[in-house]
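Chemist: Take a look at the letters that make up each chain.
Number of protein chains: 6
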Amino acid sequence: MRKVIQSLKVNETIKEHFLLTSLQTKLGKNGTYFEMTLADASGEIKARKWDLVEKDYQLYDVIHKELPQVVLVKGLTRQFQQSIDLKVFYIVYPDVETSISISEFLPSAPINIDDSFRELEETIASLQNETLRRIVREVFQLYKPFLPQYPASIHGHQGYGGLLWHTTNTVRLCETVIGLYPKMLNRDLLISGAILHDLAKIKDYKLEKGIVTKVTDKSKFVGHIVTMAYDIRETARVLNIDVHAQEVELLEHMILSHHGKGEFGSPVEPSIPEAFALHLVDALDTKLGVVHNLWEKTPLGEWSDWSKVLEKRIKKVTVEG
Amino acid sequence: MRKVIQSLKVNETIKEHFLLTSLQTKLGKNGTYFEMTLADASGEIKARKWDLVEKDYQLYDVIHKELPQVVLVKGLTRQFQQSIDLKVFYIVYPDVETSISISEFLPSAPINIDDSFRELEETIASLQNETLRRIVREVFQLYKPFLPQYPASIHGHQGYGGLLWHTTNTVRLCETVIGLYPKMLNRDLLISGAILHDLAKIKDYKLEKGIVTKVTDKSKFVGHIVTMAYDIRETARVLNIDVHAQEVELLEHMILSHHGKGEFGSPVEPSIPEAFALHLVDALDTKLGVVHNLWEKTPLGEWSDWSKVLEKRIKKVTVEG
Amino acid sequence: MRKVIQSLKVNETIKEHFLLTSLQTKLGKNGTYFEMTLADASGEIKARKWDLVEKDYQLYDVIHKELPQVVLVKGLTRQFQQSIDLKVFYIVYPDVETSISISEFLPSAPINIDDSFRELEETIASLQNETLRRIVREVFQLYKPFLPQYPASIHGHQGYGGLLWHTTNTVRLCETVIGLYPKMLNRDLLISGAILHDLAKIKDYKLEKGIVTKVTDKSKFVGHIVTMAYDIRETARVLNIDVHAQEVELLEHMILSHHGKGEFGSPVEPSIPEAFALHLVDALDTKLGVVHNLWEKTPLGEWSDWSKVLEKRIKKVTVEG
Amino acid sequence: MRKVIQSLKVNETIKEHFLLTSLQTKLGKNGTYFEMTLADASGEIKARKWDLVEKDYQLYDVIHKELPQVVLVKGLTRQFQQSIDLKVFYIVYPDVETSISISEFLPSAPINIDDSFRELEETIASLQNETLRRIVREVFQLYKPFLPQYPASIHGHQGYGGLLWHTTNTVRLCETVIGLYPKMLNRDLLISGAILHDLAKIKDYKLEKGIVTKVTDKSKFVGHIVTMAYDIRETARVLNIDVHAQEVELLEHMILSHHGKGEFGSPVEPSIPEAFALHLVDALDTKLGVVHNLWEKTPLGEWSDWSKVLEKRIKKVTVEG
Amino acid sequence: MRKVIQSLKVNETIKEHFLLTSLQTKLGKNGTYFEMTLADASGEIKARKWDLVEKDYQLYDVIHKELPQVVLVKGLTRQFQQSIDLKVFYIVYPDVETSISISEFLPSAPINIDDSFRELEETIASLQNETLRRIVREVFQLYKPFLPQYPASIHGHQGYGGLLWHTTNTVRLCETVIGLYPKMLNRDLLISGAILHDLAKIKDYKLEKGIVTKVTDKSKFVGHIVTMAYDIRETARVLNIDVHAQEVELLEHMILSHHGKGEFGSPVEPSIPEAFALHLVDALDTKLGVVHNLWEKTPLGEWSDWSKVLEKRIKKVTVEG
Amino acid sequence: MRKVIQSLKVNETIKEHFLLTSLQTKLGKNGTYFEMTLADASGEIKARKWDLVEKDYQLYDVIHKELPQVVLVKGLTRQFQQSIDLKVFYIVYPDVETSISISEFLPSAPINIDDSFRELEETIASLQNETLRRIVREVFQLYKPFLPQYPASIHGHQGYGGLLWHTTNTVRLCETVIGLYPKMLNRDLLISGAILHDLAKIKDYKLEKGIVTKVTDKSKFVGHIVTMAYDIRETARVLNIDVHAQEVELLEHMILSHHGKGEFGSPVEPSIPEAFALHLVDALDTKLGVVHNLWEKTPLGEWSDWSKVLEKRIKKVTVEG
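Protein chains in written order, with the working numbering: chain A, 6 to 326; chain B, 6 to 326; chain C, 6 to 326; chain D, 6 to 326; chain E, 6 to 326; chain F, 6 to 326.
Treat each hint with caution, since some may be false.
Note that identical chains are pooled: a pair holds if it fits in a single copy or bridges any two copies.
Said to hold, decoys possible - For lysine-lysine, the following DSBU-like pairs were computed, each having C-alpha atoms within a straight-line distance of at most 35 Å:
1. K92 - K266
2. K317 - K60
3. K302 - K31
4. K219 - K70
Keep in mind that the hints were calculated from the coordinates and are not lab data.
Using the sequences plus the hints, can you model the full thing?
Modeler: As structure tokens, this is what we get:
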């Protein structure tokens, strides 16, 4: 992972690859200039190129509708008002042979993908109820190839592995909760719901070159909650499992109700203890994930940016002593 | 339809069949007595039987868990505080040969069932889009046999034919709306949604002897909105229609979004004009149906009972002149 | 109606009359430039004039406080970032003899004004209750001369005829509703309310050269709902009708309650079925009008702009097949 | 004012006049008995009459629909569960010659009616703006004869003089507020609004024998806010004052907006400082009036009954020291 | 723990000790009778005693204001309408020598008190930050003697040990969460908050004979949140710890903000990740505790009673297979 | 107080001291220019300096992070679009000897600081309850030195003396309210609460050179409500007053509950009449203060700017006649 931006200082001349994520023409002195956003896994920086020449316009024509793109930039960092920006000398495509994966420039969840997959698959294997185990295994395999690239939320942490991280966290918290209420909670049902609950978000987000750039029409017309309910039904049918079997209907209910209330997108509310538990655990990790994302980007001792989701700022402190 | 109760006066001795809808033992003078509710299509009356004898207790044992039941009652109407009640002399099962259908005692929507079916089926036949027409016809046939008995809502009008009435009203209002916005609204899509939108309520309500007595587990675990989405998918599959065809997904969207907002049970909100139109028309007729039910039970010149749904009373007036 | 803007392509040199709706001086290369918005019935375009000369400043002084104005513009269309803008060569007042009505440049509701008036006046003539018919006819005549210019809402469709269109739609939907609930709804009362309910919006909006530019003080101090109640009272008095007659009070109630709830501006809530019906029908057409306005401006196959009123975007699709 | 009930103890035989406010027949031992509520200015007591005789039934027939009535009751107080009730020996109409005004049995606001009228009329006389002074004087005279009997609210303090008390409090608080913001607030406008703001409640409540028993149809169809706006208009017309004069429209605005928000019944929100001030002062005294009513009925050292308006209980404490 | 009630059948003659929790006189045949509620750890039963004799009235006088009391009851179980009640033959105080602790009749949380104390005290000992460890140990010792008797909530589970159970659950969930977000969360701070957050509820509830019977004045005047903040301050002072030390202020913040939002009683909202985590974990276990309480009282295969806190019912199912 | 800005006209050449409150570099013709905001007690003006020279950049480096600063500016007022701006010729620090206090440039509350202090201290002296009088006097002395500089709210009126003004208004309104409800309200308790209720806001705001620039961490971690509760406790302890004395706990309750509801920051809601009265009076003056601030900045006859707090505009009118 490339992490140059975070440690840039004023008045450095640099020549580096970055991910160009926005590019606009602006009107200024002596005609138009470019205003750009460059990113790597450690953050973003604003950059400006003046004195545009023919080659710049050619580049613009080729790439401004195909962002994000990896580009090679040479420039000088300057203090500009509250922050550092980059005065760009030139900007070019990297050589063909140096083709660099976009994923190198993206932040990623603090997990090991392979370990997480192993943990989840062992958890699936540990399910006692055969019907649930077969359905969950099948649906999970369906989504597994796409899972690592997806973030847990389009508003929250955009990182590679975010959805996988959230899924693993949800499963672990559910295991703790089962330990607290062992008589009330059926482990097979709760863990099955925990694994599948958010996977269909993969059909809600449009991934372009490893970055979620927008939501799909499907997310507006059907939504990941009903999409997963469809998947469970169809998987059951494919596996010759009765779609009206009690476990199948209860698993569908776990998925349909996991947002807790209609206003958050669930067509029905949790009606069994396992559905409540899944909803509460999902909400807890989702909110902590938002806090984590905010916290990561905040320097020590400072208040974070305003979070629209949390409707507040948080402070990053270290407890002394 | 039997309509005796509405016109009862004080001090009449009557001997009639009624629908017994509740029966409780109460402690009073000289031991326990029965407190009952008797109903017919025109309303309800409270009744009390004193001086219980062996036969009464036998009757109680047999029927108090199997209500509602048609019974034959002889008694005397009395003024009691604000209203009329019935002092019961005896209460018996009707003779076997006089077996009377419960439906005779139920209020019903002011429509002709056959005419309504004909109207809906002609409307289905008029749909231009073959995919939609085939799916709608098939799903409609699935529910048609059960449709007449169901009310439009468990809180609102309990009457026989209520769901059919609401469906027909929705279709007619949609036709008017299509006339007002002909360029914006696709008739096939809007009318298809109008016909199917509430049919799966039939799986939400438990019908016992022609009366909806409670909601089913399915209504809590899945709900009629997602149930109809499942039905459309499965019908398409049965008819060899691609479940990812645009019309199928849009029709699913019409159904999923027709409650307008998540807090009213829709997992997604209306995202095309036809979905908005269906939601608005459905809400209008649903609310007017509640007003109608309240208005029907209110004497001319009086304020109605308090309606929890409307959060108010209405006044039944006649405009003079 | 002039509809040039919608079909402009890049690199066209045009010389056309437009409606200039905004004009600002901006700081840029070689001093200030003008940033303008030009409109016709088919849409809007941004335009910029550089190299300002004395005549430009004279024009600015004369017209920048008197917008909108019809102007003659010569310029060249350019691709600029996501959209087309116009590089202006010159901008002048049209010759006196070519004086062109602003209304040619405005979008308008898809109705024929004369037909709508005829429809409404025939509807008024069909009212059976003489008191209502006389009051409605008189109040309608009061507002009729101003009616065609007004939009249905300052937030929604700004078009010429919008208020008349909404009034006609409301009447037609009420006729359908009366057909569905013929016993419950008094046609005279409901239709009278439908015709008058929004007319006093004409006193809420300030019209300048055929365009609603802002709301009046009266709309904040009294509001169109109470204003229409005053109008009914005063009209009754002028016509020697007892202001305490039942129909007059009920018609006032229809008007006062038609926004349904206090939070939407009604000092009292609907208390008779006709008042409910008017409220529900009015809300339905108002919301569909907002959807229509959004839909009209959206290219086929695209998601619309964000609508603050609907709190969402809609997609403009065509159903194939 | 009669205040017997508050000081009754167990096992007293009493023979007193009370106000009978409810009378119901109940089923119990040896047939029906009467369950009654008796009231005087100090509170209420439940009473029961057993062994009903012919005269009791005659009394019942005559008065149970004409309550409240003054009756003479002889009985014995008993401890019954948490509270005292009265075992009634006989209950009769008082002799014709002893006819006693119902108002003797009602709680009343802690003011002197004549002093309050004098204070308000002197305040009116002190208004500098002739137009406002003439309108306020005229409207006040219209309502003055009915004012003493009315409570400030049907939910709150039911007492004689309550509306007059609230009006006087509102005026006094407005005088203080004018002293705090003398440049911003026009005294004539604010005081005029303060005097008139609630007077039309007199048309909202139905008074039967000095007690507000229910709200009128007018309160539901038009409401006291719009009714007072009508009164101001018509009074201006009678006094040959231009109804479009600035003061008249602003005074109407004060009245229309004094509930602050649409959801509390105002068709427009306060748009001038004086309208805000009136709204805030009115809300303050209204809420303190509710607290006062609750506090009055609560014994020292106890928590009050639950107040639906305040959504809580208050504690009646004495600060020692 | 006594658990007789749960397994009672119709027509059993029993003679058992129960906890009498309510006792009322009612009017019925041949004078008054007693209506009682009897409880043990497995549930409640309604009981009635007829034919009251002198000794019954003496018992009533002595105990009806001092409930709950352990009593010895002999009676016969009967089917009455939907449920079983007990026809009481006699009811007496138990012999002095058989004095039985009320706690035997109370439901209790499914934990071992000693184990939980050991777990919490070992957790306290494991805190690295000395300031926090000393404060938490001291405050915990203050409340420890009273902790076992208290329930977690006056609305939820009333059982012995409930508050201790909830405290332990909160700590365990926090440990899991710390494992998921190890860099972001300071364990000392989060665990300190977890242990102390609800202890001051002990001052909010009034305990009478081991049962929480109502909330204290202190709970209304100050509340357990601010009370614990006071306790931390005063403990710091007693221990000669600077009350303005960073850890002390952050710990106060953890406590003050743990209800998450002002509307739930927190004067400030969570502003550091640990405060968010505590709030989310506390809310999760509190809600699951309510579900657990409901679930426990519901027979297998049935829907539970309506829960006002959850605003719904839950179904108790067993997953087959 | 300096009040130049309010009366500036177009085309005046001025040389004056102003408070520079913002300073930014912008990209424009011939390189960057300065965009500044200059303020005095009568308002603000935008200013621009072109043709930046070395001295300008030096000034920028020195002061742009230390704003606000008093500067001497020479320039020419110009009409620019809707408003006046200032074309700056030069901008310099004032001579050392002319050092001018920032407070001269700030708006201030329309009160005399000394008179207000005298009024509050006489009020404190008039308290009868010795415990309350001693605590209030001591806490007031603690905050008194800082009081004059603080505004009543960071969102509302920023003026010098604003908090003192609001405190005095609250006391005066409470005196009026005590006059209206003399039996219900204990003057000592209500007045004590009125004086102390907002003083701890002084610890919520960060004051830099006489201007509140932001809120403190303490305001987020503890908040002024709990801070004042701490102050009362600690002051009582210092004065050897029992912290559990009834008056002390009630005074704490007054402070803790004065925001009325949890959602506005009170951990407990008002539970005694005095707490209600303080809450209502505080809310009234706070809202009128916002209206006053808006009104002051609005020219006569105009609508004000949009107020986010009030969610509306107000109109500044003069009542004629």
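Chemist: Which hint numbers does the structure go against, in order from smallest to largest?
Modeler: Per hint list: 1, 2 violated.
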